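A.B. asks: Given the sequences, and given the hints that come with them, work out the whole structure.
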Amino acid sequence: MTAGNGRRTDRDEYRRDLSTLVERIRSLNPPDLASRFAAHCGILAGSYQQVTPVQEGTVAAVDGSNAVVVESGSFSIAAVRAAACGFSDGARAFRSVTPLRLATLGREAQDRSFADLYQECFGAEPETRLSDEDPDRAAAVLRDTLEYWVALQAAERLSAGNLLVLDGALRVSHASHDPVLVRLMKTCAKRRVHLVAVTKRTAATWGGGFPLVPAAVALAASLSIPPPWVLPMDESRLDTTRFSQWKHGALCIAALHPRSPLAFKIEVPAPADQAEVRRIVSLLAGWSDDGRVTGYPYPLLDVHRTARIRADAVQQVKNDLMAGMGGAGLDLSRFRNLFGDYHGELERY
Amino acid sequence: MVNLNDTDLSDPSKYRLIGDSVLTYRFAIPYQESLFVGDILKITDREKDLTFLAKVTDLLHESNFEDEKWDRRPHTEQFYGLSEDVYLVVEALPLGFVDGRGVFRRPRTVPTKFSRVELPEARDFAFLQQVMGDIQVGVMKTGQGVLKDVRVALHSRVMPQHMGVFATTGMGKSNFMKVFCASSMKARQFGLLLVDPHGEYVAGKGTLAGGQPSRGLAHYQAGRDGLALFTIRDEAFRKTYSAHHLFLEHDDFRAPDLLLLFDHSPAQREVIEILEDTRGSELVRFFRTTEFDDEKAWAAATPHRDLARRLQQFSASTLSVMKRRIEILARNNPFLREKGSSVPEILKALSENRVVVIDIPNLGERSELFVLSVLARTILNRHRGEARGWGMEDADRQEVLITIEEAQRVLGSGSTGTQVFRECAMEGRKFGVGLCVVTQQPKNIDPRVLAQLNTYVVMGLSDRGDRDMVAGHAKQDLSRMDTEIQTLEPGEAIISTLGIPFPVSTRIHLFEEYVQDLNRETKKPINEGLETRF
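Each protein sequence line maps, in turn, to chains D and Z. Using the numbering used here, the letters of the first sequence correspond one by one to residues 121 to 469. Using the numbering used here, the letters of the second sequence correspond one by one to residues 62 to 595.
None of these hints come from the bench; they were simulated from the model. What you are looking at is a predicted structure, and each value in this text was computed from that prediction instead of being measured. One thing to keep in mind: the hints can contain errors.
What the hints assert, rightly or not - Some chain D residues near chain Z, calculated using beta-carbon distances under 10 angstroms:
| # | residue |
| --- | --- |
| 1 | Gly243 |
| 2 | Ala244 |
| 3 | Thr248 |
| 4 | Trp326 |
Claimed, not checked - In silico DSSO-like pairs for lysine-lysine, Cα to Cα no more than 30 angstroms straight-line:
| # | chain 1 | residue 1 | chain 2 | residue 2 |
| --- | --- | --- | --- | --- |
| 5 | Z | Lys300 | Z | Lys266 |
| 6 | Z | Lys266 | D | Lys438 |
| 7 | Z | Lys409 | Z | Lys384 |
| 8 | Z | Lys409 | Z | Lys536 |
| 9 | Z | Lys130 | D | Lys320 |
| 10 | Z | Lys130 | Z | Lys247 |
Cβ coordinates follow ideal geometry from the N, Cα and C atoms, glycine included.
C.D. replies: Structural data, given as structure tokens:
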């Protein structure tokens with residue numbers, strides 16, 4: 121439909137886009153999704169391994185958090201921290217958290233924020249420098265640095281048969297972390313501590329763009345396989361493998377609670393022993409029955425809440441920064457000149 | 062080296078003050094903690110060296126979760142680590158604070174943020190002993206328990222400023238009144254009049270829950286001097302309990318007493334007003350001896366010329382109704398006779414600060430109201446006359462408290478013919494006459510009367526209208542204690558009175574146990590008060 125001058129109306133353009141989107145999403149969920157997934161990835165009913173939830177030993181989880189406190193045009197100030205929480209006998213056994221660490225981003229050559237933090241954590245210079253181009257990514261790398269260090273401390277704390285859960289993947293996003301992840305995996309292996317990384321949301325696809333996890337869930341449902349289950353995946357059947365040089369995990373899909381529709385991509389150190397995978401998923405499922413996040417490992421929720429830098433904490437840092445600048449003879453106008461911009465002004469309207 | 066700090070897994074965030082204002086406090090306690098509405102808590106402010114006291118008025122489930130429906134989603138049978146983020150918020154009513162010198166003050170400031178909240182001990186209430194009175198009625202209650210060492214006692218000096226006792230059936234009104242009477246017998250600071258149409262106050266009636274016989278005021282042997290009994294029962298009963306035979310004589314009666322007992326037409330009310338000052342004996346004689354069959358002739362035939370002149374304007378039928386009512390009055394009240402009255406003895410006993418019980422079992426409501434009306438009018442007139450005649454100072458004044466059970470009958474908003482009780486309520490305190498208004502329907506009491514009461518004894522009230530009425534008129538704020546009033550158990554009361562700085566939750570003594578304790582107290586030596594020297 122067109123307006124009198126032959127142009128489509130605003131509403132028509134919006135509806136056309138919406139319709140296109142729905143069609144694209146529908147094409148990702150064909151009626152025969154389950155069978156196509158089974159055929160494409162070579163999955164049989166026996167590929168799904170059902171497990172029994174158990175709570176034994178200690179399950180520890182590690183997570184980190186980062187937040188940009190203020191931004192000027194040329195650099196930013198970020199806050200990062202990481203935490204570890206351990207659970208045994210149905211309750212939290214320990215909770216450890218780093219202080220809130222502050223860093224400048226975008227001035228790595230001058231300030232060495234990343235290099236110094238890395239040095240503090242691992243006693244060595246990072247093999248790769250941090251790029252100044254993307255402050256958000258830089259903050260995430262700083263967070264990962266703390267997170268890996270906390271994971272190492274947690275691994276040292278656990279004993280044989282315990283499980284260490286990372287939030288994310290057994291794959292690094294910055295080259296300097298690769299030796300750290302290897303060190304973590306070796307530490308776990310040496311101490312016979314199980315290690316797993318759980319991804320809340322994955323970009324993995326198959327068959328030219330079909331999302332992986334929904335397909336695995338659909339196939340399990342069509343085969344009448346109730347959770348908890350784990351499905352080891354042959355990654356060669358997936359569409360892409362990003363940063364494969366920094367990848368150390370074997371990929372599986374796991375559903376952890378019979379009453380939850382959720383499933384997750386998990387990674388265990390490769391090469392994966394099937395009994396080891398089943399044991400890990402049993403331990404994860406044993407802690408995935410919390411009513412708030414049924415189907416998600418509760419230790420990960422707990423550590424996420426422990427590490428999370430909330431808006432009030434960011435505001436506190438901002439206030440402290442202003443006070444610190446004031447103490448150093450830099451008044452509020454200097455703060456505004458450096459970090460004030462019209463984004464803040466616009467938010468008020 | 063980066064620090065990694067193990068955080069303390071114990072939780073210091075609970076039991077510390079987090080808000081709100083001078084008028085209300087809030088703090089969190091663990092979600093599985095047992096705390097009860099009515100519990101009294103101590104808030105220790107170390108910064109200001111003050112100890113605040115507050116009463117729990119409500120408990121609310123709260124959590125730190127942004128998802129308000131976290132606890133009602135599907136599959137929510139298992140939760141880990143609830144104790145940190147799920148808690149009970151306690152709302153508490155500030156009662157006041159004790160300063161560094163141990164003086165209790167009204168809550169005009171707030172405790173410092175995060176002051177610790179604790180359960181108090183009996184010694185924390187030591188200051189209360191300084192403000193308690195001499196009419197003991199129970200022990201202080203806190204939530205589900207009691208503080209045995211903290212006795213709750215009303216001040217006898219405020220009793221003539223009227224008292225209200227409010228409770229639904231079965232909540233312990235009678236037990237409270239008996240305890241109150243026993244303490245009044247012991248203290249002997251004012252006269253207390255009580256008309257008992259059920260025959261339960263003298264010797265008790267029926268059995269207690271445990272099967273033991275119920276006791277009466279006569280069983281308080283050590284305080285027997287403080288009791289005067291007037292009864293219509295037989296001689297054996299009178300001998301057993303040293304009771305007087307109750308009589309009222311015709312002259313004790315006045316025409317307005319009829320207003321309380323019968324419904325009257327406007328014409329009949331006019332007759333009563335005209336006869337207001339006529340002596341009762343003359344009224345009885347006139348109506349008994351005069352027949353009003355003939356509309357014209359009765360006035361000429363009666364020897365009571367003065368009354369005939371005043372009443373001849375009324376129709377014979379109106380006067381016939383009045384005649385019938387006076388005959389009913391004389392016939393149905395066996396204690397009413399031509400000559401010989403107990404009233405002087407009753408007044409004397411009251412002036413001696415005794416508890417006077419008028420025991421008239423099985424006589425019915427009209428007799429009870431008749432006796433009450435006669436005695437209340439007589440007492441008020443006498444006190445009024447004494448105050449006028451002698452210009453007595455407050456300190457010299459005799460004080461009397463008149464108990465009116467089921468007071469809504471005579472002190473309701475719309476009731477007519479209850480002038481004497483209204484006068485007692487509105488003016489009585491000037492003359493040392495107070496009312497003890499006992500009712501289970503305070504909402505049916507005239508709000509102007511409620512506003513005159515300076516002592517409120519509130520026992521369980523299930524009706525919201527009743528609770529609102531009480532809360533709206535008490536001198537201390539009871540509105541925040543609504544939940545507690547709703548949940549009071551039999552024998553428990555909230556007492557708001559002058560002299561005690563805040564409304565006190567009280568477990569009323571069980572009368573039978575209280576009397577046993579009182580009787581155990583050391584009796585006064587027989588020669589006390591006698592001259593021991595020549």
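A.B. asks: Report the numbers of all earlier hints that the structure fails to satisfy, in ascending order.
C.D. replies: Hints 2, 3, 4, 6, 7, 8, 10 contradicted; others consistent.
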